[in-house]
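Enquirer: With the sequences and hints as input, model every part of the structure.
Letter by letter, the chains look like this.
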Amino acid sequence: MSVDLSVALHGVRFSTPVLSASGTWGYGIEAEDLLPPGLLGGVVTKGLSLAPRPGNPPPRLCETAAGMLNSIGLENIGVEAFLRDKLPALREAGATVVVNFFGDSLEEYVACAGALDGHAGIAALELNISCPNVSKGGMRYGTEPAMAGALTGACRSVTRLPLWAKLTPNVTDVVSVGRACVEAGADALSLINTLSGIAIDVRTRRPRLGNLFGGLSGPAIKPVALRMVHQVYRAALGVPIVGIGGIVTGEDALEFMLAGADLVQVGTASFAEPTAMLRITREIEVLCEELGVARVTDLKGTLDLSPAP
Amino acid sequence: MKRALSMKQAQPRELVRASVDRNEDLGGGCRLLGLRLAPPASALAVEPGQFFMVRGPWGKHPMLPRAFSALWAEGDGLELLVKVVGHGTRLLGALERGASVSLLGPLGCPFPPSSTEALDLLIGGGSGIPPLCMQARRASKAGLGSQVEIVYGGRSGADLPLLARLEELGVAVFPCTEDGSLGSKGLVTDVLLERLAARGGAARVMACGPLGMLRAIGALSRERDIPCFLSLETGMACGVGLCRGCVVPRADGRGYLCTCTEGPVVDAREVRL
Chain A
23 MSVDLSVALH GVRFSTPVLS ASGTWGYGIE AEDLLPPGLL GGVVTKGLSL
73 APRPGNPPPR LCETAAGMLN SIGLENIGVE AFLRDKLPAL REAGATVVVN
123 FFGDSLEEYV ACAGALDGHA GIAALELNIS CPNVSKGGMR YGTEPAMAGA
173 LTGACRSVTR LPLWAKLTPN VTDVVSVGRA CVEAGADALS LINTLSGIAI
223 DVRTRRPRLG NLFGGLSGPA IKPVALRMVH QVYRAALGVP IVGIGGIVTG
273 EDALEFMLAG ADLVQVGTAS FAEPTAMLRI TREIEVLCEE LGVARVTDLK
323 GTLDLSPAP
Chain B
624 MKRALSMKQA QPRELVRASV DRNEDLGGGC RLLGLRLAPP ASALAVEPGQ
674 FFMVRGPWGK HPMLPRAFSA LWAEGDGLEL LVKVVGHGTR LLGALERGAS
724 VSLLGPLGCP FPPSSTEALD LLIGGGSGIP PLCMQARRAS KAGLGSQVEI
774 VYGGRSGADL PLLARLEELG VAVFPCTEDG SLGSKGLVTD VLLERLAARG
824 GAARVMACGP LGMLRAIGAL SRERDIPCFL SLETGMACGV GLCRGCVVPR
874 ADGRGYLCTC TEGPVVDARE VRL
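Taken in order, these protein sequences are the chains called A and B. When we follow the numbering used here, the leftmost residue of the first sequence carries the number 23, and every step to the right adds one. When we follow the numbering used here, the leftmost residue of the second sequence carries the number 624, and every step to the right adds one.
A few of these clues could be false.
As the list claims (entries may be wrong) - Listing some non-contacts, in silico: residues in chain B with all C-beta distances to chain A over 10 Å:
(1) G711
(2) L742
(3) R847
(4) G864
Unchecked claim - Covered stretches of chain A (in silico footprint by chain B; criterion: 3 or more residues with CB under 8 Å from a CB of chain B, positions within the stretch not fixed):
(5) 50 to 57
(6) 79 to 89
(7) 92 to 98
(8) 318 to 330
It should be emphasised that the hints constitute simulated quantities derived from the structure, not laboratory data. Since we're looking at a predicted model, the values are computed, not measured. Every residue, glycine too, gets a C-beta built ideally from N, C-alpha and C.
Expert: Dropping the structure here:
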């Protein structure tokens, strides 16, 4: 039996359900020799702003139990350099490209979305309203439903591209933020971004990150991510869900699909093993065969909540 | 003198498997890890200063591989110096013969090769010695042993685990310790100044070690207008430029330099440590 791994969402065909998570695979093309981006369901780029940004002071990384904290601070080359230096190579490599973007203000978000519209080779935009590592913009827009809705609506009006809203877990009610984004025109919801955290070195009595606060990722956050994906799925908001958070194996990916995800993104696992996304894709295929699932899309939301026998 | 570091090593990057061939206690919390590549990988072309991302056969914690500069590489063999400082290095240091590890590399920019045009003063602080040991061994093999001197320093004699090995390389070695328990008493910068005065003529400085040492050596080289190359150590996640986690500030104030792809060996004038 061959398994159909493809997923079609809002007119875009993803050859597999496995995408790179924003901020963990550069702009998708730099590690082409390790992993040709055309072999993935898609690549989600590092978050882009209108102008280049230097990011946060180091140290920017620290390992924690079954995961890591980062405070990169959205260092990026800016939209113009991306379109000029990266997008042509991604197009040539046959990659399905989702561009993650952000701004310091509503105006910058809108300008960014507008600047990314109308370029061949971009399959969708992912609106970053969830980065915990910057003082302005980022997560601030993703914690209040009204603000998230206003931002989504404003970006919606300047682009014809499918618009995904990437949600933060650092909220009381992720569904209310997701609903506001969908009502304002988001075509999909991706979740979760990192959980805000800190780490401390007791010998120096100093924080381990230069920015004090960082975002927690890796296997440690998977249960939280699954819970939030499932909450959003059960709210039946009527848009596809992209599940993110601590996926290391094909089995992890299937858990997200059962919980309600259409696609998944893999991040921290790629640092431990650069070809993890390909292995996970193969494992999904093998597991589907084992479970007698012909199409990966058949798994979505099939979590059995009936009383245990 | 122009720096010759910007050329990236054009080698395919892929994760290779290797097995532990040797795990020797060197004292001072340091282990010598000898690895042998598992087929189909057969040989690695490694330049002194290049590094590998190394991960052992454990589960999800620790998640990230650890970065190590090569101590020596020849054929299908690779040697690393592992100083046990935390959970990851403790696990690596405890690996038994035959244990399987994954390697990504060689990665990053190496030291410029030794030449007949200048004396290279190689300065290693404690567990920062491996890339300089490899640089000296290469120079010696190329018949340039007289063009290289090594200054090897630490707090005490226990911090100089590779001294015996360095003394077999056929290059002059000047050990020094802060407590005077081995070699001359003092800092590597004291010895560096002595050697510069003693040898005269054109010289270059190459160093790897603790941050304070690199700062002092960078400043001293700048004052005397001596070309200086530093191998930097920063926490890394990916090792290949994707995560932007391992950065250091650029000297010109224009953002950050990525240690894994633009380093680990950098011209001291390029960074603000």
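Enquirer: Now tell me if each hint is right for this structure.
Expert: To see whether the hints hold, each was checked on the structure:
A beta-carbon of chain A comes within 10 Å of the beta-carbon of G711 (chain B); the shortest separation is about 8 Å. L742 (chain B), annotated as away from the interface, keeps every beta carbon of chain A farther than 10 Å; the closest lies near 33 Å. The Cβ of R847 (chain B) lies farther than 10 Å from every Cβ of chain A, with a closest approach of about 28 Å, so its non-interface assignment holds. The beta carbon of G864 (chain B) is not kept farther than 10 Å from every beta carbon of chain A, the shortest such distance being approximately 6 Å.
Restraint check on the region 50 to 57 of chain A versus chain B: 4 residues with Cβ-Cβ distances below 8 Å, three needed, restraint holds. Judged by the Cβ-Cβ criterion of 8 Å, the region 79 to 89 of chain A is covered by chain B as claimed, because 10 of its residues qualify and three suffice. Coverage of the region 92 to 98 of chain A by chain B holds. Counting CB-CB distances below 8 Å, 3 residues qualify, and the rule asks for three or more. With 0 residues carrying a beta carbon less than 8 Å from a beta carbon of chain B, the region 318 to 330 of chain A misses the three-residue requirement, and the given coverage is violated.
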